[in-house]
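Next come the chains, spelled out residue by residue.
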Amino acid sequence: MPGRRQKRRRHRDTVVSEIELMPMLNVFISIIPLLLLSAAFVPVTVIKTTLPSDQAAVVENQNTPLDLAIHIHPGSYQLEVSGSIIQSIARGAKGDEAAATRVKDELKQALQGIAAAHSAEREVRIVSEPRTRYEEIVEVMDVARGAGLPEASLAEGAEGS
Amino acid sequence: MRHRRGGWRKKTEGSGSVNLISMMDILTVLLLFLLKSYVAGGEVMVPPTGINLPSSNADAPPQSSLVVAIDDDEILIGNERVATLAEALGDPGLEIAPLTAHLQAVQQQQDEIARLRGAEPAQHRVATIQGDRDIEFRVLQKVMYTLGQNGYENISLAVLQKS
Numbered sequence: 001m002p003g004r005r006q007k008r009r010r011h012r013d014t015v016v017s018e019i020e021l022m023p024m025l026n027v028f029i030s031i032i033p034l035l036l037l038s039a040a041f042v043p044v045t046v047i048k049t050t051l052p053s054d055q056a057a058v059v060e061n062q063n064t065p066l067d068l069a070i071h072i073h074p075g076s077y078q079l080e081v082s083g084s085i086i087q088s089i090a091r092g093a094k095g096d097e098a099a100a101t102r103v104k105d106e107l108k109q110a111l112q113g114i115a116a117a118h119s120a121e122r123e124v125r126i127v128s129e130p131r132t133r134y135e136e137i138v139e140v141m142d143v144a145r146g147a148g149l150p151e152a153s154l155a156e157g158a159e160g161s
Numbered sequence: 001m002r003h004r005r006g007g008w009r010k011k012t013e014g015s016g017s018v019n020l021i022s023m024m025d026i027l028t029v030l031l032l033f034l035l036k037s038y039v040a041g042g043e044v045m046v047p048p049t050g051i052n053l054p055s056s057n058a059d060a061p062p063q064s065s066l067v068v069a070i071d072d073d074e075i076l077i078g079n080e081r082v083a084t085l086a087e088a089l090g091d092p093g094l095e096i097a098p099l100t101a102h103l104q105a106v107q108q109q110q111d112e113i114a115r116l117r118g119a120e121p122a123q124h125r126v127a128t129i130q131g132d133r134d135i136e137f138r139v140l141q142k143v144m145y146t147l148g149q150n151g152y153e154n155i156s157l158a159v160l161q162k163s
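Respectively, the protein sequence lines represent chains A and B.
Numbering follows the working numbering, in which position 62 of the first sequence is assigned residue number 62; successive positions increment by one, without gaps.
Numbering follows the working numbering, in which position 82 of the second sequence is assigned residue number 82; successive positions increment by one, without gaps.
Derived from the structure by calculation, the hints contain no laboratory data.
Just so you know, these numbers come straight off a predicted model, no measurement behind them.
Now the in silico label distances, taken between C-beta atoms and shown as ranges:
id: 1; chain 1: B; residue 1: Asp73; chain 2: A; residue 2: Pro23; range: 46 to 56 Å
id: 2; chain 1: A; residue 1: Ile19; chain 2: B; residue 2: Gln63; range: 41 to 51 Å
id: 3; chain 1: A; residue 1: Leu35; chain 2: B; residue 2: Thr100; range: 30 to 40 Å
id: 4; chain 1: B; residue 1: His124; chain 2: A; residue 2: Ile19; range: 50 to 60 Å
Dumping the calculated SDA-like pairs for lysine to any residue here, alpha-carbon to alpha-carbon at most 20 Å:
id: 5; chain 1: B; residue 1: Lys162; chain 2: A; residue 2: Pro150
id: 6; chain 1: B; residue 1: Lys162; chain 2: A; residue 2: Ala98
id: 7; chain 1: B; residue 1: Lys36; chain 2: A; residue 2: Leu36
id: 8; chain 1: B; residue 1: Lys162; chain 2: A; residue 2: Ala100
id: 9; chain 1: A; residue 1: Lys104; chain 2: A; residue 2: Ile85
id: 10; chain 1: A; residue 1: Lys48; chain 2: A; residue 2: Ala155
id: 11; chain 1: A; residue 1: Lys48; chain 2: B; residue 2: Asn52
id: 12; chain 1: B; residue 1: Lys36; chain 2: A; residue 2: Pro43
id: 13; chain 1: B; residue 1: Lys162; chain 2: B; residue 2: Pro47
id: 14; chain 1: B; residue 1: Lys36; chain 2: A; residue 2: Pro33
id: 15; chain 1: A; residue 1: Lys108; chain 2: A; residue 2: Ser82
id: 16; chain 1: A; residue 1: Lys48; chain 2: B; residue 2: His124
id: 17; chain 1: A; residue 1: Lys48; chain 2: B; residue 2: Lys162
id: 18; chain 1: A; residue 1: Lys48; chain 2: B; residue 2: Asp59
id: 19; chain 1: A; residue 1: Lys48; chain 2: B; residue 2: Gln161
By construction, the Cβ of each residue, glycine as well, lies at the ideal position given by its N, Cα and C atoms.
Work the whole structure out from these sequences, hints included.
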């Protein structure tokens, strides 16, 4: 008798141990391509900015201790403090990565000097020409953020000035 | 002969079941990785095809907002074309009329949804601009001005995070 019982139990165990995986596999195969298609492997972040409004700029100028602006021109970056240009940094030829990095470092150092002298200053106005490329504006925003001026507002400057 | 046939059948029965456990392991790991990337990322923003966002070292995560995409020849809200750049630049003023009309329609829809839910209509609206890296500032300025005129005071610029 004990031998028979053991045999029966062993038979039952063998039947239960097989799991049907095909439905689960089908679900996985449907979900994974969907997720892969909609996945963002390069993370998208945002830069918060304010509107290029003339009125807003005037109000802000009255409240903030320093009116700091970076003018983006095709050939140079100009730093303006309280209405007067204090420094002009010549930009290298287009496509010259080494020169572009050097110019950005120079701009960053100049901005760091101003930020250190006015510790309350956190805002910078980025004045672009109508045909300035968006990428150039974002690069200048990055430099300003790296120099301790995280709040950037955009404004339009005259072309070729 | 009979004995041989029986043996052959036994062999085929044995090799018929495929071992799927290893494949299931791979798929489970892949699924968990993909789901985690969604959960960790919070709001997932995928730029439309044809738009190359500029790279930046900004690390602020995107928030749920109205997304306005600008590629090299048209302005889109969601996947819907709102205006061409030629139309936007053709108007001497700063406001883009077709974009204003579309934003007002979106606002009406949102206000209606809020009313049905019994909530107050949103006062401070949030918008995110997904602009191609090569667009000109005059286009960006017009889009930002139009958004501002239509109650979108908080504007973010979407960028790709530099590694």
